[in-house]
Amino acid sequence: GSHVDLVLRFMQLLCEGHNMALQHYLRHQPSSPRSVDLISGVAGYVDGLTPNINPLNVSFARAAMDALAEFVQNPCRQNQRALADTKLCACASQILDIRGDVPTLSEASLLGGELAALLGDYEWAVNELKSSTVTALLAMLECVDNRYIPERMLASLDASQLIDNVNSLLRIYNPSLLAQLKREWDEGALALHVPKNLPSDFWDVEG
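For the sequence shown, counting from 1, position 132 maps to 132 in full-length UniProt numbering; every step adds exactly one.
Treat the hints as calculated values from the structure; they're not laboratory data.
Given the structure is predicted, the values throughout are model-derived calculations rather than measurements.
Each residue gets a CB set at the ideal place from its N, CA and C atoms; glycine is no exception.
The reader is advised that the hints may include incorrect statements.
[Said to hold, decoys possible] Per label pair, the in silico range of CB-to-CB distance:
#1 Asp201 to Gly44: 33 to 43 Å
#2 Leu154 to Phe10: 25 to 35 Å
#3 Glu123 to Ser31: 22 to 32 Å
#4 Asn174 to Pro33: 41 to 51 Å
#5 Trp185 to Leu6: 27 to 37 Å
#6 Pro175 to Glu16: 25 to 35 Å
#7 Gln180 to Leu157: 52 to 62 Å
#8 Arg34 to Arg183: 14 to 24 Å
#9 Glu187 to Met20: 48 to 58 Å
#10 Val36 to Lys87: 15 to 25 Å
With the sequences and hints as input, model every part of the structure.
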């Protein structure tokens, strides 16, 4: 079987604790006669995977996003810029548009016997992938003090879609914050802050 997720996790752990030296090393190996930019390589892996995300590989996409976030956090400015020069933001836009619907029977038959164990968790797995994707995007913007990276991101991202997805994830993972805001704001303020493309019951939370 594939061990891509283990390789991605290994690279992620190399950079844990904001290890700047290893963050740079993943992008450029000065002692090697043939340096390999693993930052761009992992982003390229996401690019190849994004159009075909399904219950069998969604965890690989999430592992890649988690690794990319760790590659650039601290921030590592050179890695941030290297990542901005890939197709990652365009991939992020596609990922944030994925729905966690169960595949049709015809699609399911193509995915093989492992599908039954994964279908029940697919919607959750897609939301986890979206959460990791947003984290990677935020890491790309950490302490950015020039226009280059934000402009590259906005050229590929649908800002309103990004906001809607962040709101949806907030409702799923932190409903207590929405409940707190609901208690503090009056009805007029709540009406003004219903995300445009989300259900009108957005604020119907308990916490």
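Checklist entry - So the hint says 22 to 32 Å: do the beta-carbon atoms of Glu123 and Ser31 match that? => result 46 Å, violated
Checklist entry - Does the hinted range 27 to 37 Å hold for Trp185 and Leu6 at CB? => result Hint violated: Cβ distance 46 Å, outside 27 to 37 Å.
Checklist entry - Holds or violated: 25 to 35 Å for the Cβ distance of Pro175 and Glu16? => result About 30 Å separates the Cβ atoms of Pro175 and Glu16, which means 25 to 35 Å holds.
Item to check | Gly44 and Asp201 - C-beta distance against the hinted 33 to 43 Å | outcome: Holds: the Cβ-Cβ distance is about 40 Å, inside 33 to 43 Å.
Next on the checklist: Taking 48 to 58 Å as the stated bounds, is the beta-carbon spacing between Glu187 and Met20 within them?
Outcome noted: 49 Å, holds
Checklist entry - Does the Cβ pair Gln180, Leu157 satisfy 52 to 62 Å? => result Given a distance of about 29 Å, which is not inside 52 to 62 Å, the answer is violated.
Checklist entry - Quick one: are Leu154 and Phe10 within 25 to 35 Å, going by C-beta? => result 33 Å, holds
Next on the checklist: Taking the Cβ atom of Arg34 and the Cβ atom of Arg183, is their distance within the range 14 to 24 Å?
Outcome noted: Since Arg34 and Arg183 have Cβ atoms about 59 Å apart, the given range 14 to 24 Å is violated.
Checklist entry - Between Asn174 and Pro33, does the C-beta distance stay in 41 to 51 Å? => result 49 Å Cβ-Cβ, so the 41 to 51 Å window holds.
Next on the checklist: The hint says 15 to 25 Å between Val36 and Lys87; measuring C-beta to C-beta, is that right?
Outcome noted: 18 Å, holds
Going down the numbered hints, you'll see the structure goes against 3, 5, 7, 8, while the others check out.
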